[in-house]
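Student: Generate the whole structure from the sequences, applying the supplied hints.
There are 4 protein chains.
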Amino acid sequence: MAKTPINIGMVGYGFMGRAHSNAWRRVPNFFDTGYEPVLKAVAARDAEKARAFADQWGYESVETDWRKLVERDDIDAIDICTPNDTHAEIAIAAAEKGKMILCEKPLARDAKEAAPMVAAVEKAGVANTVWYNYRRIPAVTLIKQVVASGKLGKIFHYRANFLQDWTISPDVPQGGPGTWRLDAAAAGSGVTGDLLAHCIDTAIWINGSIASLTAMTETFVKERQHALTGKTEKVGIDDAAAVICRYANGALGTFESTRYARGHKALYTLEVNGEHGSFAWDLHDMNRVQWFDHSVPGELRGWTDIHVTDGEHPYLGKWWVPGLIIGYEHSFVHQAADFLEGLKSDTPTSPTFREALETTRVCDAILESARTQKWVGIG
Amino acid sequence: MAKTPINIGMVGYGFMGRAHSNAWRRVPNFFDTGYEPVLKAVAARDAEKARAFADQWGYESVETDWRKLVERDDIDAIDICTPNDTHAEIAIAAAEKGKMILCEKPLARDAKEAAPMVAAVEKAGVANTVWYNYRRIPAVTLIKQVVASGKLGKIFHYRANFLQDWTISPDVPQGGPGTWRLDAAAAGSGVTGDLLAHCIDTAIWINGSIASLTAMTETFVKERQHALTGKTEKVGIDDAAAVICRYANGALGTFESTRYARGHKALYTLEVNGEHGSFAWDLHDMNRVQWFDHSVPGELRGWTDIHVTDGEHPYLGKWWVPGLIIGYEHSFVHQAADFLEGLKSDTPTSPTFREALETTRVCDAILESARTQKWVGIG
Amino acid sequence: MAKTPINIGMVGYGFMGRAHSNAWRRVPNFFDTGYEPVLKAVAARDAEKARAFADQWGYESVETDWRKLVERDDIDAIDICTPNDTHAEIAIAAAEKGKMILCEKPLARDAKEAAPMVAAVEKAGVANTVWYNYRRIPAVTLIKQVVASGKLGKIFHYRANFLQDWTISPDVPQGGPGTWRLDAAAAGSGVTGDLLAHCIDTAIWINGSIASLTAMTETFVKERQHALTGKTEKVGIDDAAAVICRYANGALGTFESTRYARGHKALYTLEVNGEHGSFAWDLHDMNRVQWFDHSVPGELRGWTDIHVTDGEHPYLGKWWVPGLIIGYEHSFVHQAADFLEGLKSDTPTSPTFREALETTRVCDAILESARTQKWVGIG
Amino acid sequence: MAKTPINIGMVGYGFMGRAHSNAWRRVPNFFDTGYEPVLKAVAARDAEKARAFADQWGYESVETDWRKLVERDDIDAIDICTPNDTHAEIAIAAAEKGKMILCEKPLARDAKEAAPMVAAVEKAGVANTVWYNYRRIPAVTLIKQVVASGKLGKIFHYRANFLQDWTISPDVPQGGPGTWRLDAAAAGSGVTGDLLAHCIDTAIWINGSIASLTAMTETFVKERQHALTGKTEKVGIDDAAAVICRYANGALGTFESTRYARGHKALYTLEVNGEHGSFAWDLHDMNRVQWFDHSVPGELRGWTDIHVTDGEHPYLGKWWVPGLIIGYEHSFVHQAADFLEGLKSDTPTSPTFREALETTRVCDAILESARTQKWVGIG
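Protein chains in written order, with the numbering used here: chain U, 1 to 379; chain R, 1 to 379; chain H, 1 to 379; chain X, 1 to 379.
Misleading hints may appear alongside valid ones.
Here are the simulated lysine-lysine pairs, DSSO-like style, with alpha carbons at most 30 Å apart [said to hold, decoys possible]: (1) X:Lys374 <-> H:Lys222; (2) H:Lys49 <-> R:Lys318; (3) R:Lys154 <-> R:Lys374; (4) U:Lys154 <-> R:Lys231; (5) R:Lys374 <-> U:Lys112; (6) R:Lys49 <-> H:Lys3; (7) U:Lys154 <-> R:Lys222; (8) R:Lys3 <-> H:Lys40; (9) R:Lys40 <-> H:Lys265; (10) R:Lys3 <-> H:Lys154; (11) R:Lys151 <-> U:Lys222; (12) H:Lys374 <-> H:Lys234; (13) H:Lys265 <-> X:Lys265; (14) U:Lys344 <-> U:Lys123; (15) X:Lys154 <-> H:Lys234; (16) U:Lys265 <-> R:Lys154; (17) U:Lys222 <-> R:Lys40; (18) R:Lys154 <-> U:Lys374.
Read the hints as simulated data drawn from the structure, not as lab findings.
Tutor: As structure tokens, this is what we get:
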């Protein structure tokens, strides 16, 4: 059965460029979507690095200007892996050329910048999705499915944290290749757009919209050298953020994120408490989920540690056998597979640009509340 | 070596009456304080129940009016284990009679009620302490000592939660013997005074004062039958509360408490993140503490799970041998022992009434912020 | 309701003397057995230390010869807490005087020494029990009850380990007060009688008799100074032992114990695997039990971590509230309470001397197999 | 920099065929070995299935007889992924044709069958390795490196278990595609060759040779339908095995494996206890390792849970960033990478056929001891 080729044009070759390229390469070995992704071209300003990247991943050609890539007729889909400040321009141009677009998260630096992107893809009618990959970790998908089934009853609480510790040293620079996430101009915000955005995307997916919130942010290290200019400059991003909020369904929420929690590498934790049961999960042990079922008779009731590696668990039927785990990168493979499945059935792959805009609007509200010290509604 | 007797007059015989009575009975078997607590009398309105309690715990006599107890010359110390609304009156009367006072937490329903208690004990010059017993769980004491040594460097974050699930059913009544904690008139507040007060006491002890905060509270079940009147009445307490705050030392704080987190019985968790290390602890596994030491070379660095059961750990030299754990009740034994040691050395036993007043003021600020939706400073 | 006094005569004042004394003191505060244990006398050769112990625990009198204690008419029950080599002589003498006897485990140094003890108590018709206290940790009792209900179906495996690390240093002496457990003359054996005996007692209780076994033992440190003689002497005990066995019910068993497992203080772990479910437990987290229920639908199936602190769990209704744990010493309180309940209902308190003899016979078989390198049947 | 192509000929397309094919496809994306594996051909008797497999994984051609594959001049390396009973014939034929050989474990059904394979590859002088992939899980490699450094001092204990539960139902057949592991003719043995072989390979790698052992095995389900014949036949494999042993270095060992431990999917656990420290690891949480360092001052000493995801950990510098885990399949990628690195530096990739033969000899000794009920030396 011949597969339909889908020609990918990648913009960027950094950490996310690797994660996405790997996703495209792995999909046809494990998922039968009917499509064969072809790594047609990668665009990046540094020709030599772009060439090395293309060689390593098997891209057929290289462009040093993403505009060229967008204009090529042999490209079906543009995959955006560049820093946040460039997402809007690339996406809008690609939409205008009728390309499908897969954009790394967050959609843009803020909602003002992101809204036209939504308009552009909807006007163009092109398939679009944002790589909020953590949704597609099987344990997280399992939580979503069980909550959606109503098994937990009324939801009282949904809380999530994303804790890291990699910027505690004042010697970490801002700006530049590995550290643009500390540069407000490139990133838009700090932990809010980088880490809380993941928490919020999952929260909305599982528990519905956030109605209002209040928040605080802090920048512990006030000045850092800029990797590009070499000058010590004021740090414009939030090093840490904490949020309390109310969901539209009446549940209470708390969120916290920081890059100053010594000992935590990428500790994204979430927990949802319902009338009849609860779930908890963390990224460091991403193949496990903790489940509390109140309907079990009391003597043997407790938190069940589910090793999400069985064929009946989401996505797992495509991989190995029970007990054998998958890793971080598989979440991207799943999103690529779902995107291709979506094409086949003409179904938008969530989160679409429009859905991701809601997450960005919550992020904006967090930053606004931190500035004004007031509750902010998300209309 | 003869021990000095110290005659205890207990007010109340509920859950805390048992915990405190046990503490007094156990202390001389395990700690050499030079004092011999004598369970002289217990006061409670119900004579029959008071008598049964006295028999079970070995109290020599019974009073059906706490005022009588306070006036007895053969009583050295009044131990208050009654609902929160009675603390102030009993404590002030006891202070006026020159009794030492040990008061169950929180000090009172609010700071307005608590302040005169502080004034009374300080005017009388009597020994006083509040039973914030969780400080004296060895693992928590260990955290305090190591943080105080400066080993963690600058503190960036201190967060704590206290999650329960016992009031989810609307059939749980408010008011009356087992459920006065749901009755605002008796308790003053809900989870804030009952549970967050513990978190805040420990937080201030370990990380210093809270400077300002903003909070939200929620009452999920709006009406409950009152156990005494039999009538369905509006619920006046907070079922859940969430707080974000700033400490005087510049650290950020988050607190959450609820009685609607399905699956959690008494899950008091705390975590402190410093520049050079972090600690985490939870009450369900109270003999363990998690410790991250950033100075360990990277390849073997991680979170160390300390089983706090060795002779060199706080209080543990008095109990068994390494690996053999102690339980909840031991925290009260430790507080009783420390109180007696304090008498011997004429040192106030922390938290004194004055120290506990600060915790109550933070609780008041939480409730105020939840009402006003504004940040509140704790002056 | 007046309680019947039961006069206890304790022999020994070491670690177990404290644990047992505490049990007798705590029982009437928490359990309504109808009996009031009275700490009548403690016997020990060192008069001064015996006196200090009596003062600390409230024993009314002191004897410096256990024979005197056994002959006293005002003693109802003899509680034996001395090293293993003295159990038989004391117990037999006490039985002849018609005393009830509670003997610390193991019953004796070997079955040859223990058999006459069984004969003596049975001839005298006196109540008797051996302090295999770990049975009465609520989590272990819960496992026993559920396995006995048949819920697990056919049992395939039962394994247990008891790992410690306190004798790795060759500077630890043998013999004398704190270290008689390293002296074969006093202890009979090393880890086999000290630690594996616990594992075997629980195994037989939960899974039935052991039919045959093969084993190996090792003495890593061949010579140690004797604390009493000051001389360096050959070590006669087993530092480590490993066993594979078959149960009468067809299940396979493995046991391992050592005092050379660096990092483990008193890590007694057990696991039982049945057709329909499994249990696992460890002493370091003794209030938890892991339970796997195969009948749960696959997607949400896993190991449930039960926090055994609810009123419906064994013994827990007598202590605090859900989530608040108990400790090591409570297992002795439970055994004392069960012994008193047994008196009331005239029911032997398991393990009786006869039951404990079976455990000692398995221990003997382990040592014999280690010597002969052959499988040994336990007839 | 042009890479040297290395043409792979795969025999078999089952579970291991997928795992190995994935390894060859992933290697060049993540490791710079200088080689480019080319999936030249796959051999399998069923032409249709072989073709589908080739399409999914990108094999250029298909053979329905492995002998054809072995004879092709355009094949550099033969990768054997067929059931155990075919390993020897294929490997010996491939060696005679001068092919490099990568053989799935165990090397063969027993040492008698395996020894000529060793002779063949050594005579031919071809590169050879056996896919004992668990060595190359970074956490396991880390343990190996630290133990080899001498940091743990004298080793007292090394124990390992491999527990599963997938054959409890008597309805699981023996023989045939998914269940040949239950057919003694195809597999040689049951859990011993399938699961214990992994444990023993790692044990020898980390702790050195096993000198002698005694063991028991059991077949719980005595008869099963054969998937190929449809007849109910006697089961010839061991369902469970337990071993106690002595290592050449004086350490004691215990091993247990079963497919009847309800609740365990693929729970390979290992622990090594040395004088100065200990390590523990399990496959279900394969990115973590537990490490106990006795040199840490006692108050803060405990088991450190290392999340083996940092750039300085073995292999991890090639993957993602700290905190983001890898999965089961990566262990095969690492072995493929190491094999290619070995080619570059002309260094045998451990375990070679000769090294893997030692593991098979230990497996033979286990089965022999289970039959004879005697200790068996491994010469």
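Student: Hints first: check each against the structure and report whether it holds.
Tutor: Status of the hints after comparison with the structure:
Restraint check for X:Lys374 and H:Lys222: the C-alpha separation of about 26 Å stays at or below 30 Å, so the hint holds. For the proposed pair H:Lys49 and R:Lys318, the alpha carbon gap of about 17 Å is at most 30 Å, so the pair holds. Of the pairs offered as hints, the one joining R:Lys154 and R:Lys374 holds, with about 28 Å between alpha carbons and a cut-off of 30 Å not exceeded. A threshold of 30 Å between alpha carbons decides the hint, and for U:Lys154 with R:Lys231 the separation of about 26 Å falls inside it, so the pair holds.
Under the criterion of a C-alpha separation no larger than 30 Å, the hint pairing R:Lys374 with U:Lys112 is consistent with the structure, at around 27 Å. For the hint linking R:Lys49 to H:Lys3, the alpha-carbon distance of about 18 Å falls within 30 Å, and the restraint holds. Proposed proximity of U:Lys154 and R:Lys222 is supported: the alpha carbons are some 15 Å apart, at most 30 Å. A threshold of 30 Å between alpha carbons decides the hint, and for R:Lys3 with H:Lys40 the separation of about 21 Å falls inside it, so the pair holds.
For the proposed pair R:Lys40 and H:Lys265, the alpha carbon gap of about 41 Å is over 30 Å, so the pair is violated. Our distance criterion of 30 Å between C-alpha atoms is broken by R:Lys3 and H:Lys154, whose separation comes to about 59 Å. The suggested pairing of R:Lys151 with U:Lys222 holds, with an alpha-carbon distance near 23 Å, which does not exceed 30 Å. Distance hint between H:Lys374 and H:Lys234 is fulfilled; the C-alpha atoms sit about 25 Å from each other, no more than 30 Å.
For the proposed pair H:Lys265 and X:Lys265, the alpha carbon gap of about 29 Å is at most 30 Å, so the pair holds. The hinted pair formed by U:Lys344 and U:Lys123 meets the criterion: a straight-line CA distance of about 21 Å does not exceed 30 Å. With a CA separation close to 21 Å, the supplied pair X:Lys154 and H:Lys234 stays within the 30 Å bound. With a C-alpha separation of about 19 Å, the suggested pair U:Lys265 and R:Lys154 falls inside the 30 Å cut-off, and the hint holds.
Between the alpha carbons of U:Lys222 and R:Lys40 the distance comes to roughly 61 Å, so the proposed pair goes past 30 Å and is violated. A hinted pair counts as satisfied when its Cα atoms are at most 30 Å apart, and R:Lys154 with U:Lys374 qualifies at roughly 28 Å.
Hint compliance for this structure: hints 9, 10 and 17 are broken, all remaining hints hold.
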